[in-house]
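> On the provided structure of chain F, position chains Y, W, V, U and P as indicated by the hints.
Sequences listed follow chains F, Y, W, V, U and P, in order.
Just so you know, we're using numbering that gives the first Met the number 0 here: the first sequence kicks off at 0 and counts up by one.
Just so you know, we're using numbering that gives the first Met the number 0 here: the second sequence kicks off at 0 and counts up by one.
Just so you know, we're using numbering that gives the first Met the number 0 here: the third sequence kicks off at 0 and counts up by one.
Just so you know, we're using numbering that gives the first Met the number 0 here: the fourth sequence kicks off at 0 and counts up by one.
Just so you know, we're using numbering that gives the first Met the number 0 here: the fifth sequence kicks off at 0 and counts up by one.
Just so you know, we're using numbering that gives the first Met the number 0 here: the sixth sequence kicks off at 0 and counts up by one.
One or more hints might be untrue.
It does not matter which identical chain is used: a pair holds within one copy or between any two.
Here are the simulated SDA-like cross-link-like pairs (lysine to any residue), alpha carbons at most 20 Å apart as the crow flies [unchecked claim]:
1. K33 with L130
2. K15 with K33
3. K122 with E77
4. K15 with P37
5. K122 with P78
6. K33 with T93
7. K122 with N27
8. K15 with E95
9. K122 with P37
10. K33 with E126
11. K122 with V16
12. K33 with A125
13. K33 with R127
14. K33 with A56
15. K33 with G22
16. K33 with G128
Honestly, the hints are just simulated from the structure, not real lab data.
Protein chains: 6
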Amino acid sequence: MSESTTREERYERGRKVLDAIDGTAGTNVIDSLKDISPELGHQVVAWGFGDIYARPALAPRDRQLVTLGMLTALGGCEPQLDVHINAALNVGLTPEQIIEAFLHSAVYCGFPRALNATFAAKKVFAERGLLPLE
Amino acid sequence: MSESTTREERYERGRKVLDAIDGTAGTNVIDSLKDISPELGHQVVAWGFGDIYARPALAPRDRQLVTLGMLTALGGCEPQLDVHINAALNVGLTPEQIIEAFLHSAVYCGFPRALNATFAAKKVFAERGLLPLE
Amino acid sequence: MSESTTREERYERGRKVLDAIDGTAGTNVIDSLKDISPELGHQVVAWGFGDIYARPALAPRDRQLVTLGMLTALGGCEPQLDVHINAALNVGLTPEQIIEAFLHSAVYCGFPRALNATFAAKKVFAERGLLPLE
Amino acid sequence: MSESTTREERYERGRKVLDAIDGTAGTNVIDSLKDISPELGHQVVAWGFGDIYARPALAPRDRQLVTLGMLTALGGCEPQLDVHINAALNVGLTPEQIIEAFLHSAVYCGFPRALNATFAAKKVFAERGLLPLE
Amino acid sequence: MSESTTREERYERGRKVLDAIDGTAGTNVIDSLKDISPELGHQVVAWGFGDIYARPALAPRDRQLVTLGMLTALGGCEPQLDVHINAALNVGLTPEQIIEAFLHSAVYCGFPRALNATFAAKKVFAERGLLPLE
Amino acid sequence: MSESTTREERYERGRKVLDAIDGTAGTNVIDSLKDISPELGHQVVAWGFGDIYARPALAPRDRQLVTLGMLTALGGCEPQLDVHINAALNVGLTPEQIIEAFLHSAVYCGFPRALNATFAAKKVFAERGLLPLE
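One chain only, chain F, in its complex shape (with noise of 0.2 Å):
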């Protein structure tokens, strides 16, 4: 039988990886929510981080990685793509990988994903003085 543990636990927990992560830009997010969502900001932090990032089974860098491929091909999601190009940098892919992934994006994508997010990770860099990359 597994550990119990309450409601607010499992949300520590998640926090906790979400914070390592996401850093500000996850909290920001989580913040936004709790005037008109807040069991949707519950739900990110214990589920998302909390039961599934939270996983030794993918390293944070690799789920940085398939994540950039599933925003980049969803489309419709820079706000998402600004997150996770931030959580990539903290979790060890260097700005070249986060690049050279969205070329490789225009393969599966074509070209008009692989230039949004493009430009979402030219905002991301810029703001972080990382710009040019070349």
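Chains Y, W, V, U and P only, in chain F's frame:
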């Protein structure tokens, strides 16, 4: 043999349904099409609302609920979510039901789509003085 | 402080909701995950049904309606449409309402998505002896 | 004031356009809707073909070209690609132009969508004795 | 054995096609990639335009028509619609044909995608002094 | 000035990368294009694999990981998931990591996409004698 109607009569029939459901927001969309594609405006009204929305087989409230699900899943439909979150409130869905539908969407569309729809609702609810929800 | 629960208890709570809504079709999906991703099966049950579906803020019937809208819009979800058209019938949506929701989807998703969902319903309704509809 | 028409007359107008463009494949889709959603069949014919396809502002060949682009990009529309690749041939697009349009789609939608559309064409071309292309 | 070319020669070939079709808008996209992903800019030009667009099997006008269909269906491609609506005008599609193609897209993609594309055209047409259309 | 290469040489370079990563499954796709669109087969190999995959900026294992994320998110890419789940195993991703990536995809794409990808993996793993996983 069914009733014989003109194009103008079909437009008027749809216009009444549109006004009852979407109110000003619907009018604004149709007006903004006048100088670029009046035919698209006509078809939204005459076909979308006159032919489909007007059918009694599904209640207006239910039509908005399934519409919110579709717009959330499609992605990139923030302008339409704005119109239809307003419409959902107009036909009797409560703010809490709308927010719960977007939480539910996380199960089928993932968190990015659920977040984008929830933030669209936050904008509409703020404009209508409905915040904070809890 | 909320109630303390084990992982197994959360699974059991979701299992009851899943059985009540999806019946055998839900069980089959979870069973078919046993040798490839039991954790995905666990999360569908414990989180999707235990945490989200179980919430009282939206009636089971309304959850299926919005789910049908999302699955239609996403495309490529024919296996899930099969499960959730059955579920929709189980929780009180009539065949006519389901078919009307798919007709309505043509307005927002176009005819191809509306047709694919309608043919998914045709298969389910045939299996349950509900054809012809009119 | 425009001409007054009945629902049946609008259906008949669309039916002529549908038959001219889609031939047997179009008829089969409408027939297969008879016992599940005759209204969806009616709207495909009366609105899709009677109201939109019938407009002279874009040639039938051009409508099929843009339709092939949309069906490729949407994904999961293999049954509709089958119908519209046939339609494209019926209205004067050559097999080479259709295949080139799908090659072109790789630039905007990526290789998976381009491949799925190309294999849909392979099936249609084989049925019509058009293979090998080069 | 085909002609032997350098990477620079392939870029120059694509550049000529890009300039002829997209004009300034194309140049702006490539320029804005210089400090973040010059390789993506290279591939858009050398591969997208040099290898694919340059092929004679489909006329430039037809390529833009099918491209408009794909960008409309993908959703979230407003920046690319801006470029390619300009391109469509540059290669001989009339404003009326472009608007008709977007009206036609309602049949396959639904009204939200058709509206978003039409409003993208409204912005481009206004910039080029082409409004009102009718 | 870069090295001058022929079209055939660029194809051969891509062919080596394709064979190393995708093995027989890649060959089968290219072969099946011979009578319908040999140019699409050429571009998948010469551009996709020769130009993009061959770049050292992202390891083959990382390219498959981000590719699995994109194919899952796009939906309707079951044939491509089949090829790339095989490829992922060929370049060093473990079955457990692949399944975990698909579990992770539920957070961003929802359960239907996660389930479809997981069942694609079940088919590939069964063919390679890798089941049951746990």
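> For each hint, tell me whether it holds in the structure or not.
Status of the hints after comparison with the structure:
| no. | hint | in the structure |
| --- | --- | --- |
| 1 | K33 with L130 | between (34 Å within a copy, 10 Å between copies) |
| 2 | K15 with K33 | within (19 Å within a copy, 30 Å between copies) |
| 3 | K122 with E77 | both (11 Å within a copy, 18 Å between copies) |
| 4 | K15 with P37 | within (18 Å within a copy, 26 Å between copies) |
| 5 | K122 with P78 | both (11 Å within a copy, 16 Å between copies) |
| 6 | K33 with T93 | between (33 Å within a copy, 18 Å between copies) |
| 7 | K122 with N27 | both (17 Å within a copy, 17 Å between copies) |
| 8 | K15 with E95 | neither (28 Å within a copy, 25 Å between copies) |
| 9 | K122 with P37 | between (28 Å within a copy, 16 Å between copies) |
| 10 | K33 with E126 | between (26 Å within a copy, 17 Å between copies) |
| 11 | K122 with V16 | neither (25 Å within a copy, 29 Å between copies) |
| 12 | K33 with A125 | between (29 Å within a copy, 13 Å between copies) |
| 13 | K33 with R127 | between (27 Å within a copy, 18 Å between copies) |
| 14 | K33 with A56 | between (31 Å within a copy, 17 Å between copies) |
| 15 | K33 with G22 | within (18 Å within a copy, 29 Å between copies) |
| 16 | K33 with G128 | between (31 Å within a copy, 16 Å between copies) |
Violation of the numbered hints given earlier is confined to hints 8 and 11; the remaining hints are satisfied by the structure.
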